[in-house]
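Asks: Got chain A sorted already, so can you dock chain B onto it with the hints?
The residues making up each chain are set out below.
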Amino acid sequence: MSSETLDRSAGATRPRGAGGGSRRRQPALQRVLGKHPLGWLLSTPYLIFLAVVFAYPLFFAVYMSLHDYFFSAPGAVVERPFVGLDNYVAALTDPAVLRSFANVGIFLIINVPLTVVLSLVLATALNKVVHLRTFYRVSYYVPYVTASVAVVAVWLFLFSGGGLVNTLLGPLAPEPSWLINPSLAMPTIALFVTWKQLGFFILLYLAALQNVPNELYESASTDGAGVMRSFFSVTVPGVRSATVLVLVLSTITGANLFTEPYLLTGGGGPNGASASPVLIMYQQGLQQGKPGFAAAIGVILVIVVLIIALLQNRFAGGKEQ
Amino acid sequence: MHRRTLITATATAAVALLALTACSGGGGNTDALTARGDITVWYSNNEFEVKWAKAMIDAWNADNPDEQIKGQEIPAGKSSEEVIGASITAGTAPCLIYNTAPAAVGQFQKQGGLVDLESFKDGASYIEERSGDSAEQYKSPDGGYFQMPWKSNPVMIFYNKDMFASAGLDPENPKLATYDEFLATSKTLVDAGVAPFAINPAPTSEFFQTLFDFVPTYAAESGGTGLVEDGKATFDGEEGFDAASFWKSLYDGGLAGKEQYQGDAFADGHAAMAIVGPWAVSVYKDAVNWGSVPVPTKDGMAPEEIYTFSDAKNVGLYSACKNQATAWDVLKFSTSEEQDGQLLELTGQMPLRQDLPEVYADYFEANPAYTTFGDQASRTIEVPGGSNTVEMLQVIRDAYTKAVIAGEGDLQEALTSAADKVTELASKG
Numbered sequence: 001m002s003s004e005t006l007d008r009s010a011g012a013t014r015p016r017g018a019g020g021g022s023r024r025r026q027p028a029l030q031r032v033l034g035k036h037p038l039g040w041l042l043s044t045p046y047l048i049f050l051a052v053v054f055a056y057p058l059f060f061a062v063y064m065s066l067h068d069y070f071f072s073a074p075g076a077v078v079e080r081p082f083v084g085l086d087n088y089v090a091a092l093t094d095p096a097v098l099r100s101f102a103n104v105g106i107f108l109i110i111n112v113p114l115t116v117v118l119s120l121v122l123a124t125a126l127n128k129v130v131h132l133r134t135f136y137r138v139s140y141y142v143p144y145v146t147a148s149v150a151v152v153a154v155w156l157f158l159f160s161g162g163g164l165v166n167t168l169l170g171p172l173a174p175e176p177s178w179l180i181n182p183s184l185a186m187p188t189i190a191l192f193v194t195w196k197q198l199g200f201f202i203l204l205y206l207a208a209l210q211n212v213p214n215e216l217y218e219s220a221s222t223d224g225a226g227v228m229r230s231f232f233s234v235t236v237p238g239v240r241s242a243t244v245l246v247l248v249l250s251t252i253t254g255a256n257l258f259t260e261p262y263l264l265t266g267g268g269g270p271n272g273a274s275a276s277p278v279l280i281m282y283q284q285g286l287q288q289g290k291p292g293f294a295a296a297i298g299v300i301l302v303i304v305v306l307i308i309a310l311l312q313n314r315f316a317g318g319k320e321q
Numbered sequence: 001m002h003r004r005t006l007i008t009a010t011a012t013a014a015v016a017l018l019a020l021t022a023c024s025g026g027g028g029n030t031d032a033l034t035a036r037g038d039i040t041v042w043y044s045n046n047e048f049e050v051k052w053a054k055a056m057i058d059a060w061n062a063d064n065p066d067e068q069i070k071g072q073e074i075p076a077g078k079s080s081e082e083v084i085g086a087s088i089t090a091g092t093a094p095c096l097i098y099n100t101a102p103a104a105v106g107q108f109q110k111q112g113g114l115v116d117l118e119s120f121k122d123g124a125s126y127i128e129e130r131s132g133d134s135a136e137q138y139k140s141p142d143g144g145y146f147q148m149p150w151k152s153n154p155v156m157i158f159y160n161k162d163m164f165a166s167a168g169l170d171p172e173n174p175k176l177a178t179y180d181e182f183l184a185t186s187k188t189l190v191d192a193g194v195a196p197f198a199i200n201p202a203p204t205s206e207f208f209q210t211l212f213d214f215v216p217t218y219a220a221e222s223g224g225t226g227l228v229e230d231g232k233a234t235f236d237g238e239e240g241f242d243a244a245s246f247w248k249s250l251y252d253g254g255l256a257g258k259e260q261y262q263g264d265a266f267a268d269g270h271a272a273m274a275i276v277g278p279w280a281v282s283v284y285k286d287a288v289n290w291g292s293v294p295v296p297t298k299d300g301m302a303p304e305e306i307y308t309f310s311d312a313k314n315v316g317l318y319s320a321c322k323n324q325a326t327a328w329d330v331l332k333f334s335t336s337e338e339q340d341g342q343l344l345e346l347t348g349q350m351p352l353r354q355d356l357p358e359v360y361a362d363y364f365e366a367n368p369a370y371t372t373f374g375d376q377a378s379r380t381i382e383v384p385g386g387s388n389t390v391e392m393l394q395v396i397r398d399a400y401t402k403a404v405i406a407g408e409g410d411l412q413e414a415l416t417s418a419a420d421k422v423t424e425l426a427s428k429g
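Heads up: the sequence lines are chains A and B, in that order.
Take the first sequence: its position 22, counting from 1, is numbered 22 in the UniProt record's numbering, and each next residue is one higher.
Take the second sequence: its position 152, counting from 1, is numbered 152 in the UniProt record's numbering, and each next residue is one higher.
Next up, chain A with everything else stripped away, as it sits in the complex:
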């Protein structure tokens, strides 16, 4: 604020074109490095990290998607011709790829709202629990930190044809059973992922709830608001920024679904009903040696997720965003 004032006043008093060399160099340097050059120095490690771990792979994925690319041994002389948008055209006309995007759409439609609602409700409840608070919080967090490989076995036991869920349902059990039923495989995976990730999102909401002033609840109560009214009029608006974060994060992690269809439904079965774009990328890029095609799917996925995230931010973020 003060430096801006000084700059403006200096500019106002200095005749145009009579500044001299040193006076002209300083603003040029400032234009490149900003007003606080030291900030760049401090940010450099993280910028390098971002460039190497995120930016470079992203750019390289775009490069791969535009070529007939495959991984080769160092020193091997191979041709990777430029193919333009061929990989994108192939991806967007491949029924298996299109189905995988539809599958993950179904997944997100179930998983994201369920995650937001359940994590907010449970976080609100946990925030009011007095006894065994730590026990409950840890209980919800344990599935999140447990390896999918381990818990998948439990879910396979629960949702198999002769599993606990079908035993409890008796004649109401679906046929074919959950994980081999084309209509139910993806919803079952969505439920599994919701359950597994819930602990993380509950923690996000719990942190956000600490920032909602108690005075607002007291005022609402004084105005005659009940529990539900307080929840919708105080809690929900109070954690709006956390809700946007939960929406975006659950969408991104959901769009990257891989482990569950790989393990729970044995590679995206039945008949590709639970195949996700990332699973197809794995099959095409690593198993079938077509990383260019896989990269095109990845780039499309990034664009789709960005659009969804922007829409979420636009509609759920409100004026605050």
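I should point out that these hints are in silico values taken from the structure, not numbers from a laboratory.
There may be inaccurate statements among the hints.
[Claimed, not checked] Below, in silico cross-link-like pairs of lysine to any residue (SDA-like), each with a Cα-Cα straight-line distance of 20 angstroms or less:
(1) LYS428/B with LEU98/A
(2) LYS421/B with LEU98/A
(3) LYS421/B with ALA90/A
(4) LYS258/B with PRO182/A
(5) LYS428/B with ALA90/A
(6) LYS258/B with VAL152/A
(7) LYS428/B with VAL83/A
(8) LYS428/B with GLU79/A
(9) LYS421/B with ASP94/A
(10) LYS248/B with VAL83/A
(11) LYS161/B with THR372/B
(12) LYS258/B with SER160/A
(13) LYS78/B with ALA90/A
(14) LYS332/B with GLU67/B
Please read these numbers as outputs of a predicted model, since none were measured by experiment.
Replies: Chain B alone, transformed into the frame defined by chain A:
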């Protein structure tokens, strides 16, 4: 201006990085072919193979102090093939890997990760002398041997004798030769309640599962026809349809499980039969009172005429190896008659060596359980060659899971559609 400068700088850096990466090609290493010295080898983590590999390495190291072998199990990963593929790209592949799947060899070759064994003066002659006519199916479609045929696990039907007896079936002479007999026996087993399913091959979508249900029965029914012959898919003919229909009948009748089973269905008594190779003998030895028969055919065939899938694992010599002359010598040493005998003794897996039953007559006499596998090893088919093998198998698997396991759509149409795609892939090399 500030933002524009940053964007320009970022874009320049990105382009420079890409350009650097794109220019990473180079020439091969011909000097390595004649170089000698220490080498590293990887082997499977199967406990019996580990035992064989360690003994083989000790034997070599004792006689070759200047050319020592350092051995280790293949690093853990989703599959050995992915680990090997990554190590090729990173330039960290060892000299020899004693678990190279033929299905992946075409890709490894395309990556420039494998050495053509014909580069060695006695390469082709050694392989062909050892493996006989069966060596031909491991030759690259482009010519050359990029894998040493090593061992096979000819797939057969294992059955639980106790369960057969409990169901009132003859455990010593089970009726499993024809499709009708197999289906009737399966129904008897399930109806008797001795196991939830008669047989339970993995019903999942991974490409390699095709090799353990459809392919063995197709090989048997077709008399040893490969999935692709002369650049054309063959499995959409009558024999392929019959083999697929056989499995479809098992699934439709609830005799085979449509859900993946966590564990070993045969060992756990979840299924009365399994379709596996001789590696299973040592695994089931104390767990199940088992017997084995060849895979069934539509009208039944004499066992000595029946073909099956080889389930071979071969040895690759990798281009990252700096001492390839030593690696070639080790490869010959480890596939010598003596070491093949050790492999047979310790693992029960069949060396891909011609006249196997005659060469190791003493072993088969002492271990009659393996005799049928030894005989079967001479009648196997292999996966199609080339760099698109995995994609071909995935195409077949996708059609199979839909039309056979789930029973959706017309089976013949599914096979024809899959065959057309496989033929197209075969034409791409």
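Asks: Work down the list of hints and note, for each, if the structure agrees.
Replies: Hints and how they fare:
1. LYS428/B with LEU98/A: Measuring from Cα to Cα gives roughly 24 angstroms; hence the hint is violated.
2. LYS421/B with LEU98/A: holds, 18 angstroms
3. LYS421/B with ALA90/A: holds, 15 angstroms
4. LYS258/B with PRO182/A: Holds - the C-alpha atoms of PRO182/A and LYS258/B are around 13 angstroms apart, at most 20 angstroms.
5. LYS428/B with ALA90/A: holds, 16 angstroms
6. LYS258/B with VAL152/A: Judged against 20 angstroms, a Cα distance of about 18 angstroms means the pair holds.
7. LYS428/B with VAL83/A: Holds. LYS428/B to VAL83/A sits at ~16 angstroms (cutoff 20 angstroms).
8. LYS428/B with GLU79/A: holds, 15 angstroms
9. LYS421/B with ASP94/A: holds, 13 angstroms
10. LYS248/B with VAL83/A: violated, 41 angstroms
11. LYS161/B with THR372/B: holds, 17 angstroms
12. LYS258/B with SER160/A: Holds, at roughly 10 angstroms.
13. LYS78/B with ALA90/A: Violated, because 27 angstroms separates the two Cα atoms, which is more than 20 angstroms.
14. LYS332/B with GLU67/B: Measuring from Cα to Cα gives roughly 14 angstroms; hence the hint holds.
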